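K.L.:
Sequence:
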Amino acid sequence: MFYGLSNIVSKLLNYFLTPFYLTILTRASFGEMSNVYAYIPFANIVLTYGMETAFFRFAQKENKAHVLGTSTISLLLSTISITILLLMLRSPVINSYAGELAGLNGHPTYYTYVILLMAFDALTAIPFAQLRLEGRPVRYAAIRIAGIVTTIFFNIFFLAICPKLYASGHHWLPDLQSGSDQTGYIYLSNMLGSALTLVLFLPQIRKIEWKFDTGLWKQMMHYALPLIVVGMAGMVNETFDRAWFLPQFLPGDNMEAKKEIIALYSANYKLAILITMFIQAFRLGAEPFFFKQAESGDPRKMYARIMKLFVIMLCFMFLFVSLYLNVWKAFLRVPFYYQGMRIVPVLLLANMFLGIYYNLTIWFKLTDRTKTGAVITIITAVLAFLLNYWWIPVMGYYGAALATMVCYFIQMVICYVWGQKYYPIPYHLPKLITYMGLAVGIYYVFSWLNGQVLSPKDIYALKPLPLAVATAFFAAYAWFIFRMEKKEFARFPVIGKFVR
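Letter by letter, the sequence shown follows residues 3 to 502 in the numbering used here.
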């Protein structure tokens, strides 16, 4: 749990940079930056190639020192090789259509910063995993937050402090008043944060037993390689809408207009961050926990209970954001971005389905059927391509959001059906469907009331009556969940004392 909380804290700190960027960057520049960061998860999957999950899996049943040494050496050699290759490809990449759309054309240093950022992140994957496996949450949190704080510091220094100092006569500093090179300094700030994270891990890395077990490595690669396909296909659904689908399928050839639409879509995508952060935090804590539980008897009832509580939390987060969009719009700062808020509930629902899917994937990781996970994500990746190809030209960026939701729903259903065949878990399906259905129903009832009665002229206007009605709906849902899960809450160590 502590790992998840530290991840949430670090993500929240980074999250608050978005309003800062929206007020400083032009729409096109924010679109360029969003496009670059949409590609990074793909590169991270290639650079880590499932080795982190393989490390957890094999550290439970093999010599942990050998697993740690083998996985670290493997990642070190592959990261150096891929980084050199990507740097050699700098010129053709930045001069391509994708490079121009990402704002890299004419800025080779931007590309270098991004490549080094990804390399540093890849090299810290196993050290972070080691801390989670060994149960060292304080050090994990300290290093994670230190990297984020460093990134935030340099962002504020370069983008907010430097222009003022330069204007007051300190011309030895970079001139960022005109708006040029701002995105480059954002990439540099992120690279410096990742570099510090790697430096903080050096004492831990030095203690590794630097022995490479070829036989063990082959077993780990056999387990991990399908996870690359799983991850890559998953990223098609998660970030390819901003990286490729929107630029390719939006009608017209005006690149600046496409950059602005990507900026609009990306800024509103950030409002689904609460669910995204919770999912990422859950994955950090759940994966090692699930593997450890698998060693002690039959943990399936525990998995079912965790899923129920997980879905309840997702539903509360969905309502917390979707019912209060008139409050959350303050996050966007610039009125231009308000028009995209209609996609937020769709993306929240999409991320709910994605979170449930991640919870369900434990069955093919525990049964060593990672190839099955690859098949599932390939199916949904193909579906994502087809739906975006169909809907974006017709509905614009709303079509991309809708395609994301449908793909995650299909992915979740396939994984559940397939998992019940090979590793049946007694999930509380009627309750899960009821809780999610009721949460979505409450949102749409409120949305209709808001548009027809409460605030018909501006559904995102911050008025007392819509806020009061939203709060009443939220409280009613909380009361319903409490009544349904009273016995469950009574089992909690702290909350249970107040439940009668």
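Everything labelled a hint here was simulated from the structure, so no lab data went into it.
Treat the hints with caution; some may be incorrect.
As the list claims (entries may be wrong) - Label-pair ranges, simulated between beta-carbon atoms:
1) T111 / I158: 17 to 23 Å
2) G443 / F494: 24 to 30 Å
3) R344 / V384: 44 to 50 Å
4) R485 / Q454: 26 to 32 Å
5) I158 / L89: 26 to 32 Å
6) S449 / Q250: 52 to 58 Å
7) L14 / V384: 32 to 38 Å
8) Q341 / Q206: 34 to 40 Å
9) A162 / Y400: 31 to 37 Å
10) I82 / L440: 49 to 55 Å
11) R302 / M486: 18 to 24 Å
12) W481 / M304: 23 to 29 Å
13) M304 / L469: 38 to 44 Å
14) L15 / L469: 38 to 44 Å
Quick caveat, the model's predicted, so the values are computed rather than measured.
C-beta atoms are modelled at their ideal positions from N, C-alpha and C, and glycine is treated no differently.
K.L.:
Could you tell me which of the hints above the structure violates, numbers in ascending order?
P.N.:
3, 6, 8, 14
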